[in-house]
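Novice: One-letter residues, chain by chain:
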Amino acid sequence: MRTDRQLWQLLDGELPEAEAARLRAEAAGDAEFAARISALASVKRGILAGTPPVPPGFSRRIEALASRGGPAPAVDLDEIRRFLRRSLVAAAILGAIGLAYLAAELGPKLLAPPPLQAKDPLLGGR
Amino acid sequence: MLSIMTLPEVPHALPDADLVARIRRGDAAALRLVVERYQQRIFALIYGIIRDRHEVEDVAQEVFLKVYSRIDAFDGRSQFYTWLYRVAANAAKDHLKKRSRRPAVAFEEEESLPDRGRGPHEAAETAELRRRVRAEIAALPVRHREILTLRELDGLAYTRIAEILGISLGTVESRIHRARERLKRRLSSHAD
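Protein chains in written order, with my numbering: chain A, 1 to 126; chain B, 1001 to 1192.
In case anyone wonders, no lab produced these hints; they're calculated from the structure.
Treat the hints with care, since some could be wrong.
[Claimed, not checked] List of simulated lysine-lysine pairs, DSSO-like, C-alpha gap at most 27 Å:
#, chain 1, residue 1, chain 2, residue 2
1, A, Lys44, B, Lys1184
2, B, Lys1097, B, Lys1066
3, B, Lys1093, A, Lys44
Same shape as in the complex, but just chain A (with noise of 0.2 Å):
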C-alpha cells in the first residue's frame, strides 16, 4: 500500500526517478490507484484556484510609482525581527563570555578558604 506521502512527492517530483518510474507504472495497471493519484492532484490544482487576475496596467502603475519615489515604505517587520533576533544571540553570546571570565576570576576567590586568622596577642599564642 502506497502512501499519501509517497503520492504527494510523485505529483511534486521530488521521488526518485526510478521509484517515481515504479509507481507510475503501477498506476497505469491499478485504476484505483490512478483515482488516488488523480485526487491528489486535483487537490494541488485547487491550491492556486481563486487567484484573483492581475488588473490591466497593472505594471504601468508600479512603474509610475516607482518613478514618483512611491509611497514610503511600511516599517519592515521582518528586518526588525531578524535585528533583534541577531542582538539576542550577540547579548547571549556577550553574557556568556562574560560569567566564564567572571567564573574565570572570581571563582578561586570566591571558593578559596578563608585566609588564617592572626593569633590574638591578648589570648596568647601557645
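Since the structure of chain A is already known, use the hints to place chain B on it.
Specialist: What follows is chain B alone, placed relative to chain A:
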C-alpha cells in the same frame, strides 16, 4: 511525467540579473519588466497566504515597490526570484498581522487561472471540489497555507522552498506533509 502547471511560463527575454542591475541604477522601466514577469506568481503567492482577493493587489503593489526601494538588500547570493518570493511571503504575513489577525475568508468568485493541461483524468474534477479546497485551505494555519502555495508556484522544489523560507529541507518536507494531511482530514470531514 506527471506534472501540475497552472501558471504561464516566465518569459526569459532578459535575465533577472540584468533587470536587477538596471533597478539598482534606478531604472523604473526595468521594474515594470520584473512586474510583468512575476506579477501572476506574486498575486498567487499573496492570495495563497492571505486568502482575500480584495487585498491582494495592494499587497502586491507594496511588494514590487519594496523591490525597487530595497533592491540593495538583495545580495545576489540566491536567485532573484527566491528573494522576491521571500519579500512577497513576508509582506503577506505582515499584512495579516496588521489586520489584527482576522481569520482568512474564502471568497466565492470566478476563478481566473487558466485551466492548463486538462486531460481525461481531470474531466471529473468539479467546481465544487475546487470550492471546497479553497475553503479548507483558508482555514489552515498561515504557515501551512504559505508552504502549500509556494509548492504549487512553478512547482518549486523543496530545496528552493527551504531557501525562501529560511528553514531546513527536513522542515519543509514535514511541514508540507502535515499541511496536506490536515487539508485532507478537513476535506474528508466535510465530504458528506
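Novice: Hint by hint, say whether it matches the structure.
Specialist: Structure-based check of all given hints:
Straight-line distance between C-alpha atoms of Lys44(A) and Lys1184(B) comes to about 11 Å, which keeps the hinted pair within the 27 Å bound. Among the hinted pairs, Lys1097(B) with Lys1066(B) is consistent with the structure: their alpha-carbon atoms are about 18 Å apart, no more than 27 Å. Distance check on the hinted pair: Lys1093(B) and Lys44(A) sit about 22 Å apart at the alpha-carbon level, within 27 Å; holds.
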